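Asks: Using the sequences and the hints given, assemble the complete structure.
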Amino acid sequence: MSATYVYGLVGADARLPEDLKGLGPSGRVSTIAHGEVAAIVGDVPVDRPIGTRDDLLAHEAVVDAVAATTAVLPMRFPAVVESDGVVEELIAPHHDHFVDVLDALDGKVQFTLKGRYEQDVVLAELVEEDPEIRALQEKVRELPEDASYYDRVRLGELVVTALEERRDDEGERLVQRLEPFAAEVVAHRPGQPDDVVNAAFLVERARIGEFEDAVEDTGRDLAGRVRLRLLGPLAPYDFVPEG
Amino acid sequence: MTVATQRQGGGYVERGGGGSSSLADVVELILDKGLVIDVFVRVSLVGIEILTIDARIVVASVDTFLRFAEATNRLDLYGKGKGGKDLTELVEGVTEGGARGKTTGMLDAAVDKVGDMLGGGREEREPEREEAPRRRPARQRAREREE
Chain L
1 MSATYVYGLV
11 GADARLPEDL
21 KGLGPSGRVS
31 TIAHGEVAAI
41 VGDVPVDRPI
51 GTRDDLLAHE
61 AVVDAVAATT
71 AVLPMRFPAV
81 VESDGVVEEL
91 IAPHHDHFVD
101 VLDALDGKVQ
111 FTLKGRYEQD
121 VVLAELVEED
131 PEIRALQEKV
141 RELPEDASYY
151 DRVRLGELVV
161 TALEERRDDE
171 GERLVQRLEP
181 FAAEVVAHRP
191 GQPDDVVNAA
201 FLVERARIGE
211 FEDAVEDTGR
221 DLAGRVRLRL
231 LGPLAPYDFV
241 PEG
Chain E
1001 MTVATQRQGG
1011 GYVERGGGGS
1021 SSLADVVELI
1031 LDKGLVIDVF
1041 VRVSLVGIEI
1051 LTIDARIVVA
1061 SVDTFLRFAE
1071 ATNRLDLYGK
1081 GKGGKDLTEL
1091 VEGVTEGGAR
1101 GKTTGMLDAA
1111 VDKVGDMLGG
1121 GREEREPERE
1131 EAPRRRPARQ
1141 RAREREE
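Chain order of the listed sequences is L and E. For the first sequence, this note's numbering gives the first residue as 1, with consecutive numbering after it. For the second sequence, this note's numbering gives the first residue as 1001, with consecutive numbering after it.
For the record, the hints were derived by calculation from the structure and aren't laboratory data. Since this is a predicted model, take the numbers as computed values, not measurements. There may be inaccurate statements among the hints.
Going by beta-carbon spacing under 7 Å, a handful of chain L positions derived as facing chain E [as the list claims (entries may be wrong)]:
#1 D43
#2 D47
#3 P49
#4 I50
#5 L56
#6 L57
#7 E60
#8 M75
#9 A135
#10 Q137
#11 R152
#12 V215
#13 R220
#14 A223
#15 V240
Ideal Cβ placement from N, Cα and C applies to all residues, glycine included.
Replies: Below, the structure is given as C-alpha cells:
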C-alpha cells in the first residue's frame, strides 16, 4: 500500500501554478480529478515521520500559491490518505459538498491582518492616564527587586488588563473599519496582551486593491502607535465550513 | 511568486504570506484549520507515522505580568526627572534609549519550541523570525527589497 499527501481541493478545471514544490521526496505536485473536483496531491516521505517544520511550510506554500490564482479548499495539515482512496474515499463520497464549498469560495481569497502596539508608546499612555498604575510603578521603583515581587506582579496585572481593554476596543474598531471591504470576517482573540488585532478577511478578488488600500490607510492613521502586518493572499483557512 | 504581485503602497503596512510567511505566522495560520474528513483517521493503516503537533502556546500569567511590569518600569527610567508627565518627552526618551522590545521575545521563544517539535530541517526562512527585521519600519524593509 502506498500513501498520498493531499494539500487541498480545487475545481476539476483549475490549473495549478507550475513552480509548486511539494513536501515529498520528488517535490512534485499534481492533481487527481473526479467529477467536478480535483485533489492537489503529491508523494509522501517514507523514511521519516511526516509533520516537520519543512513539511508545514511546504504545505502552506503550495496551498497559498494555488490560492493566489484559484479557489482552493485547504486540507488540515498534515493530510495523508491511501493512494487508492483519493477518489473512492476522499472525493467521491463528498463530491457534492466539495462542489458547494468551492462554489461559495470561488472568486474570494483570505487576508489575515495582525497588529501590535508600539509597546513603549502605549505603555506610556497607560502610565500617564491611570493613577493606580502610576502609583504602583513609583512604589516599585523605590523598592529592591526582591521586596517588590508582589507589587511588580500586581503592576503587570494592571498593565495587562488595561492593555487588553484598550486593544479589545481598538481592535474591534479596526475590524469594523475594514469590514465593508470584505465578504466575511473572522476575528480571533490576539495572543499577546499588546497584540491589537488578529483577523481573517475573505475578500473578493475584484476588490483586493480596494481592501489593500483601506488597510494601508488604516496603517497610516495608526502609524507610531500600532504596527500592522497583512498576510495574503492566502487560502481561506478561516472560512472552511465544519464537517 | 505572489510577492511580485503585491503592491508596495506607502509602506505603512508590513506584508507577508503567499509563501513568504515566517514559521510563526504559518503555525498560527494553518495549524488546526482546514478540512478534516474521516478518511485521514485511517492513515495508520498505511504505515505512515504522523507527528502530533500541539501549537497551543501557554504563557504563565505571572510571567506575563512580570514582563509587562518590567516594560513599564523601563519607561520610568526615562520619565524620571520629567515628572513622568510630558508624554512626548517620555516617548522620545524611551525610543531614543532603545530599551524596547523586551517583551516581544516570548512568542518567538515559544515558536522556537514549536519549531523544535516540528523537527529542525532546513532553515531557509529563519531570518524572518528574528526580532530585528520585524521591528524595523515597513518602509525600510520595502526599500531593502528593492535594492
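Asks: Taking the least C-beta to C-beta distance, is M75/L closer than 7 Å to chain E?
Replies: Interface hint status for M75/L: holds (5 Å vs cutoff 7 Å).
Asks: With 7 Å as the cut and Cβ atoms as the points, is L56/L at the interface with chain E?
Replies: holds (6 Å)
Asks: Taking the least C-beta to C-beta distance, is Q137/L closer than 7 Å to chain E?
Replies: Check passed: Cβ of Q137/L comes within 6 Å of chain E, closer than 7 Å.
Asks: Return the status of the interface hint for D47/L: holds when the least beta-carbon distance to chain E is below 7 Å, violated otherwise.
Replies: Constraint on D47/L not satisfied, violated at 11 Å.
Asks: Tell me if the interface restraint on R220/L is satisfied: Cβ within less than 7 Å of some Cβ in chain E.
Replies: Given a least distance of 5 Å, the restraint on R220/L holds.
Asks: So, A223/L near chain E? Judge it on the closest CB pair being under 7 Å.
Replies: holds (5 Å)
Asks: Regarding the hint that A135/L lies at the interface with chain E, is the smallest CB-CB distance below 7 Å?
Replies: The hint is violated - A135/L has no Cβ within 7 Å of chain E, the shortest such distance being about 11 Å.
Asks: For the hint on V215/L, just tell me whether its beta-carbon gets within less than 7 Å of chain E.
Replies: Holds, about 6 Å.
Asks: Less than 7 Å between beta-carbons is the criterion; does V240/L satisfy it with respect to chain E?
Replies: holds (5 Å)
Asks: Have a go at the I50/L hint: is there a Cβ in chain E nearer than 7 Å to its own Cβ?
Replies: Check passed: Cβ of I50/L comes within 6 Å of chain E, closer than 7 Å.
Asks: Does the nearest C-beta of chain E fall within a distance shorter than 7 Å of the C-beta of D43/L?
Replies: Hint violated; D43/L Cβ to chain E Cβ min 11 Å, cut 7 Å.
Asks: Is the shortest C-beta separation between P49/L and chain E less than 7 Å?
Replies: This interface hint holds because 4 Å falls under the 7 Å limit.
Going through the hint list in order, the structure does not satisfy hints 1, 2 and 9.
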